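Turn these sequences into a full structure, and let the hints guide you.
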Amino acid sequence: MKNNSFTGNLGILVGGGPAPGINGVIAAATIEARRNKLAVYGLQHGYKWLVRESEKDFNDHVRELRISDVSRIHFDGGSILFTSRTNPTKIPGGVDNAVKHLKSLGIRYMITIGGDDTAYGAVEISRAAKGEIKFAHVPKTIDNDLPLPNNLPTFGYQTARNLGATLVKNLMEDARTTDRWYIVVAMGRSAGHLGLGIAKSAGATLAIISEEFPQKKKISLESVCDVIEGAILKRRAMGHNHGVVVIAEGVALRLDPKELKKNRRSEFKYDHFGNPLLAEIDLGKIIKSNIERRFEKRGDHRQLVDINIGYVLRCADPIPFDQEYTRDLGYNAVRYLLSNNPRHKQNAMICVDNGKLIPLYFKDIIDPDTKKTTVRLVDTTSESYQVARSYMVRLERRDFEDESFVQSLAKGGNMTVAAFIKRFGHLGK
Numbered sequence: 526m527k528n529n530s531f532t533g534n535l536g537i538l539v540g541g542g543p544a545p546g547i548n549g550v551i552a553a554a555t556i557e558a559r560r561n562k563l564a565v566y567g568l569q570h571g572y573k574w575l576v577r578e579s580e581k582d583f584n585d586h587v588r589e590l591r592i593s594d595v596s597r598i599h600f601d602g603g604s605i606l607f608t609s610r611t612n613p614t615k616i617p618g619g620v621d622n623a624v625k626h627l628k629s630l631g632i633r634y635m636i637t638i639g640g641d642d643t644a645y646g647a648v649e650i651s652r653a654a655k656g657e658i659k660f661a662h663v664p665k666t667i668d669n670d671l672p673l674p675n676n677l678p679t680f681g682y683q684t685a686r687n688l689g690a691t692l693v694k695n696l697m698e699d700a701r702t703t704d705r706w707y708i709v710v711a712m713g714r715s716a717g718h719l720g721l722g723i724a725k726s727a728g729a730t731l732a733i734i735s736e737e738f739p740q741k742k743k744i745s746l747e748s749v750c751d752v753i754e755g756a757i758l759k760r761r762a763m764g765h766n767h768g769v770v771v772i773a774e775g776v777a778l779r780l781d782p783k784e785l786k787k788n789r790r791s792e793f794k795y796d797h798f799g800n801p802l803l804a805e806i807d808l809g810k811i812i813k814s815n816i817e818r819r820f821e822k823r824g825d826h827r828q829l830v831d832i833n834i835g836y837v838l839r840c841a842d843p844i845p846f847d848q849e850y851t852r853d854l855g856y857n858a859v860r861y862l863l864s865n866n867p868r869h870k871q872n873a874m875i876c877v878d879n880g881k882l883i884p885l886y887f888k889d890i891i892d893p894d895t896k897k898t899t900v901r902l903v904d905t906t907s908e909s910y911q912v913a914r915s916y917m918v919r920l921e922r923r924d925f926e927d928e929s930f931v932q933s934l935a936k937g938g939n940m941t942v943a944a945f946i947k948r949f950g951h952l953g954k
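Residue numbers are given in my numbering: position 348 of the sequence shown equals residue 873, and the series is strictly consecutive.
Treat the hints as calculated values from the structure; they're not laboratory data.
These numbers were taken from a predicted model, which means no experiment stands behind them.
Note that CB positions come from ideal geometry on N, CA and C, so glycine has one too.
Careful: at least some of the hints might be erroneous.
Subject to a maximum C-alpha distance of 25 Å in a straight line, what follows is the list of computed PhoX-like cross-link-like pairs (lysine-lysine) [claimed, not checked]:
no., residue 1, residue 2
1, K896, K936
2, K562, K786
3, K725, K694
4, K615, K896
5, K655, K888
6, K787, K822
Beta-carbon label-pair distances, calculated as ranges [stated by the list, open to error]:
no., residue 1, residue 2, range
7, V830, Y886, 42 to 50 Å
8, N561, K655, 22 to 30 Å
9, S579, E805, 47 to 55 Å
10, Y836, Q911, 28 to 36 Å
11, H826, Q932, 21 to 29 Å
Put into structure tokens, the structure is as follows:
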């Protein structure tokens, strides 16, 4: 696959879950690389074929990329190179096979697009190649939980939030029209940025994220349901029998396993690389059933609807923000790889802030013990979070200080005032 008219070969691969804007990175990187006389090869399905011993299997999944192949793909969601969650460090011989195949293809430069596992795979492959292959990693996740400088968003997040907010807006109108409540589960394995961003943008009734609960402790399912049930009763006391709750899926990871086992279809399952399959935990249905039982015990048949808007956001066509952002990232990934700046000799994660390239060196951002970057959590002490909270409907201290309102709350729940305070008083502390 070598061509004497080129001065070097660049490989591109995509790992992890999809995110809007992947094709934009591929397009920008390919165009800039070809302008600089690099041949560009797309490695299909992430590390999947790269880590296998068979050279034929690898070559069958390599695609040469020309400018004509990529000039319009930045409008499209998904990935023309596909993706996979294969982790080369967890496949016996995987790293050595990857080095062998990349060298056989004459690859001197690699752009990896993905999250922690993809980045760490690049670190180990580069180490095994003894520095003969230089890596630039473009961080990707709609969860927005990577520690980028100056609170920069990860690409794809803004598009996912935009579509998520539109879907929640539609559900809010459906809820109002039909007098019902929706429980919406959004992605966010380790942090609640996406769920909170969707809820805040759309003006949802309530958002619940794991960061609002004490860290380093398990979250009680009962406490989550208390917040939601309290919001339902407060809305009822305000004259409204409908609403939309958005909850980040990562809450499930912090629930007490003993509580989960009491619910059907709720035990943790893992993929081949040890990642929890949150889609297998029906968080929305667990919460819905729990709250419905609470109302039924008081003779109130309150029906809720649960819906998961996770996968539907990942391959959306990117909005202009992400189209522009990924063009910057792809371009700067190539510029970094070709740079003669002595500080740019290391492998790095590519960031762009205020139009300037900011390389984050692998050795500084990846923990050698966990093999992952630090997770950027939602800062619940920030003004931005306080604004979001102030527009939510939740039981608060001032609600319990208004005697007549407490009576309305208790009446709406078919409870005595004393029983109501005993049940929900902790939410006002």
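Hint check:
Between the alpha carbons of K896 and K936 the distance comes to roughly 53 Å, so the proposed pair goes past 25 Å and is violated. Taking the CA atoms of K562 and K786, the gap is near 58 Å; set against the 25 Å cutoff, the hint is violated. A C-alpha spacing of about 11 Å is found between K725 and K694, which places the hinted pair at or below 25 Å, so the restraint holds. Distance check on the hinted pair: K615 and K896 sit about 12 Å apart at the alpha-carbon level, within 25 Å; holds.
Between K655 and K888 the alpha-carbon distance is near 15 Å, which keeps this suggested pair within the 25 Å criterion. Distance hint between K787 and K822 is fulfilled; the C-alpha atoms sit about 18 Å from each other, no more than 25 Å. For V830 and Y886, the hinted distance range of 42 to 50 Å is satisfied, since their beta carbons lie about 47 Å from each other. Range check, N561 to K655: Cβ separation about 25 Å, and the 22 to 30 Å hint holds.
Between S579 and E805 the Cβ separation comes to about 32 Å, which falls outside the hinted range of 47 to 55 Å. Under the hint 28 to 36 Å, the C-beta atoms of Y836 and Q911, about 31 Å apart, fit the expected range. Range check, H826 to Q932: about 23 Å between beta-carbon atoms, so the 21 to 29 Å window is met.
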